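Chains as they are written, first to last, in our numbering: chain A, 1 to 341; chain B, 1 to 351.
It is possible that part of the hints are untrue.
[To be verified] Covered stretches of chain B, going by a simulated chain A footprint (3 or more residues, C-beta under 8 Å):
hint: 1; stretch: 45–59
hint: 2; stretch: 66–73
hint: 3; stretch: 95–109
hint: 4; stretch: 308–318
Worth flagging that the hints you see were computed from the coordinates, not collected in a lab.
Remember, it's a predicted structure, so these values are computed and weren't measured experimentally.
For every residue, glycine included, the Cβ atom is placed at its ideal position computed from N, Cα and C.
Residue-level listing of the chains:
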Amino acid sequence: MEQNAKGRLFNTQKLLAPAALVILYIFFALFGKNFFSTYTGKTILESAYFIGFMAFGVTFVIITGGIDLSIGTVMMCSSLVGGVAFSMWGWPLWLALFLVPITGCVFGIANGFLVAKLKLPPFIATLGTMLVAQGFSSIISRVQTQRYPTIGSANAWFKSVFYRAGNFPIGAVYLIGAFLIALFILNKTRLGRYTFAVGSNLEAARLSGVRTDKWLIIVYSICGLFAGFAGIFYAAVYTTVIPGTGNGQELNAIAGVVIGGTSMTGGSGTMVGTLIGVFIMATLKTGLASMGLQSHWQTFITGFVVIGAVLLDNARNKASEKAKVKRVSAVKGAPKLENQA
Amino acid sequence: MKKFLSITLALVIVLGCVAMATADGMYISVISKGEQHQFWQTVRSGCEAAAADYGVEMYYYGPPSESDIALQVEALKAEMAKEPAALALAALSTDSVMTELQECIDKSIPVIGFDSGVPNAPEGAIYATASTNNQNAGGLAAEEFFKMDDFAAAVTAATAENPVVIGVLSQDATSESVTGRTTGFVNKAVELGSAYGVVSVEGHDLWAAPAEGASIIVKVEISATTNQTDVTNSANALLNTDGLIAIFCSNEGTVNGLLAATADGTELADGARFGDLIVGGFDAGATQKNAVRNGWFAGSVTQDPYNIGYLAVELAYKAAMGEEVADVDTGAKWYTAENMDDEGIANLLYD
Chain A
1 MEQNAKGRLF
11 NTQKLLAPAA
21 LVILYIFFAL
31 FGKNFFSTYT
41 GKTILESAYF
51 IGFMAFGVTF
61 VIITGGIDLS
71 IGTVMMCSSL
81 VGGVAFSMWG
91 WPLWLALFLV
101 PITGCVFGIA
111 NGFLVAKLKL
121 PPFIATLGTM
131 LVAQGFSSII
141 SRVQTQRYPT
151 IGSANAWFKS
161 VFYRAGNFPI
171 GAVYLIGAFL
181 IALFILNKTR
191 LGRYTFAVGS
201 NLEAARLSGV
211 RTDKWLIIVY
221 SICGLFAGFA
231 GIFYAAVYTT
241 VIPGTGNGQE
251 LNAIAGVVIG
261 GTSMTGGSGT
271 MVGTLIGVFI
281 MATLKTGLAS
291 MGLQSHWQTF
301 ITGFVVIGAV
311 LLDNARNKAS
321 EKAKVKRVSA
331 VKGAPKLENQ
341 A
Chain B
1 MKKFLSITLA
11 LVIVLGCVAM
21 ATADGMYISV
31 ISKGEQHQFW
41 QTVRSGCEAA
51 AADYGVEMYY
61 YGPPSESDIA
71 LQVEALKAEM
81 AKEPAALALA
91 ALSTDSVMTE
101 LQECIDKSIP
111 VIGFDSGVPN
121 APEGAIYATA
131 STNNQNAGGL
141 AAEEFFKMDD
151 FAAAVTAATA
161 ENPVVIGVLS
171 QDATSESVTG
181 RTTGFVNKAV
191 ELGSAYGVVS
201 VEGHDLWAAP
211 AEGASIIVKV
221 EISATTNQTD
231 VTNSANALLN
241 TDGLIAIFCS
251 NEGTVNGLLA
261 ATADGTELAD
271 GARFGDLIVG
281 GFDAGATQKN
291 AVRNGWFAGS
301 VTQDPYNIGY
311 LAVELAYKAA
321 MGEEVADVDT
331 GAKWYTAENM
341 DDEGIANLLY
351 D
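From just these sequences and the hints, can you work out the full model?
Encoded structure:
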């Protein structure tokens, strides 16, 4: 009987985010103008690319109990560095594109070093790199907006490889690919296990022999790397990258992660949840526009969604604590139960 | 929990009803570059007037700032999903909307450019453009500077040892309109200045053309971003330049930046710290008009934002009806404390 109740609780929690996504979609399909169309579907997908990449990366960081506020400006900065290499230094485009994730990764390593070795609070450390990346992007580009090749120009392969192959939204393939890689790392590798371990209890993890410094640096560099890749897809979808921008984009990604059920206190979270959270953010953006509500309304409403998601997170934590207490008392009564679970 | 859900649901239903309460009929989307300045508010009222005159349903979008290219692209995509009869577009960056413009061609949606328009758009996408010729408008400011006695005297007295500096304050060289005005001003200043001595252009790479032994230096200052704080910083940098005699601000954003750097313009008053500085602005927001009226600014260039908005929707309507449409130059005028109440100027200075 009690097992049943526990099972139901577990399922409702898991289904909440996907259910919200479906309800949101149906709502906009009913009330938005021409929302229910393949064209809009594609728009949602395409606005999810860069948020998705950032969100997958920052999921690792949030599970360790940290935060990375720098991903928004790091994404733009990486994108700008690639653009500068291509248009100002005359590099071939493919080589310049390699530089984009590398730049992101360098910022990630810096974040990891600041947090793990210098023991800065992640909030402060990444706030610092956020500004560094923002300033650096203006410096290296000499405040000139960078433009990536468009469809029909020289190097148009950039668009057909990363954005649309004919009419097919090819970026989605990379998004899914990145998702599967992130899913694998988080659930099937040592890195994934240590990510959870560090987030649940850093001290316990360290005392049990985990080199937490090393793994934290790796987690932050992965986050930076993903932010770098986000830069490629930002450029693929939006073409023009302006120096000194990117501020605030990290919040779209972090909101997606939180909505997806990853706890801000660390130690728990799923990549599937993040993927759904990202699509909730993208659907919200596109859907509100289809109802004729402008971007400031989108920002306004997104704020409420984030607050709602965190409240939900709190409620969930309380519920699981209650369940834990119950389980403990059940274990006392019937010692074999733990093995069964 | 239940309460939270029901409140959310209620909110959502109210929003839905708001969105549903729109009439059928021809639907025209207007995607502008912003709503933040009064200039854009006036464009919007022009659009609304035309929409009312022609009986079309019009949706007006403006991104929160002129750096928000991604938001504008997303708004454009969202509007295209609504299958409008025609689109009026002031692109923040043409490159970013290439794919969408191509789709407009494929779907035969007529696109009308307005304000800065959609330069370098694919062939056949833009049916017509309603805009100010920005190079001429920027050049107009330079011409007016050289007509002023104080300015001409300063330029005449300048030597290679004691050069005078003419400043140009612009925001990031992204938008074609700001770039056009800057180029127009710089070219005109070089052309007119050459009659007085050697002219050197310094500052941003795009315009720099250094010359040896110059007695007149045109200095182009580009702010790091379009944020007010950065524009103000650039204005301060320019104000600290030795030999500065004049500044041209190429849009309302930079005008506001300069005003912020000079204690809301009071330091530009006669006898104040920058009392001798000749300042020319662009556009006609309330603070800027105030600066002109008080004589803090020598004058400003005004476009005709109302007309830009009105003509954009009118052209969009005509294009949707299958009529032939052609580009319209909406014009620019120089206004000063003396003429700003004259008929013909006053009605260009919308708040």
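Each hint, compared with the structure:
Residues of the stretch 45–59 of chain B lying with their CB closer than 8 Å to a CB of chain A number 1, which falls below the three-residue condition for coverage. Counting residues of the stretch 66–73 of chain B whose C-beta sits closer than 8 Å to any C-beta of chain A gives 6, which meets the bar of three, so the coverage hint holds. Coverage of a stretch by a chain is defined here by at least three residues with a beta carbon nearer than 8 Å to that chain's beta carbons; for the stretch 95–109 of chain B and chain A the count is 5, and the condition holds. Using a Cβ-Cβ cut-off of 8 Å, 0 residues of the stretch 308–318 of chain B lie near chain A, which falls short of the minimum of three, so the contact claim is violated.
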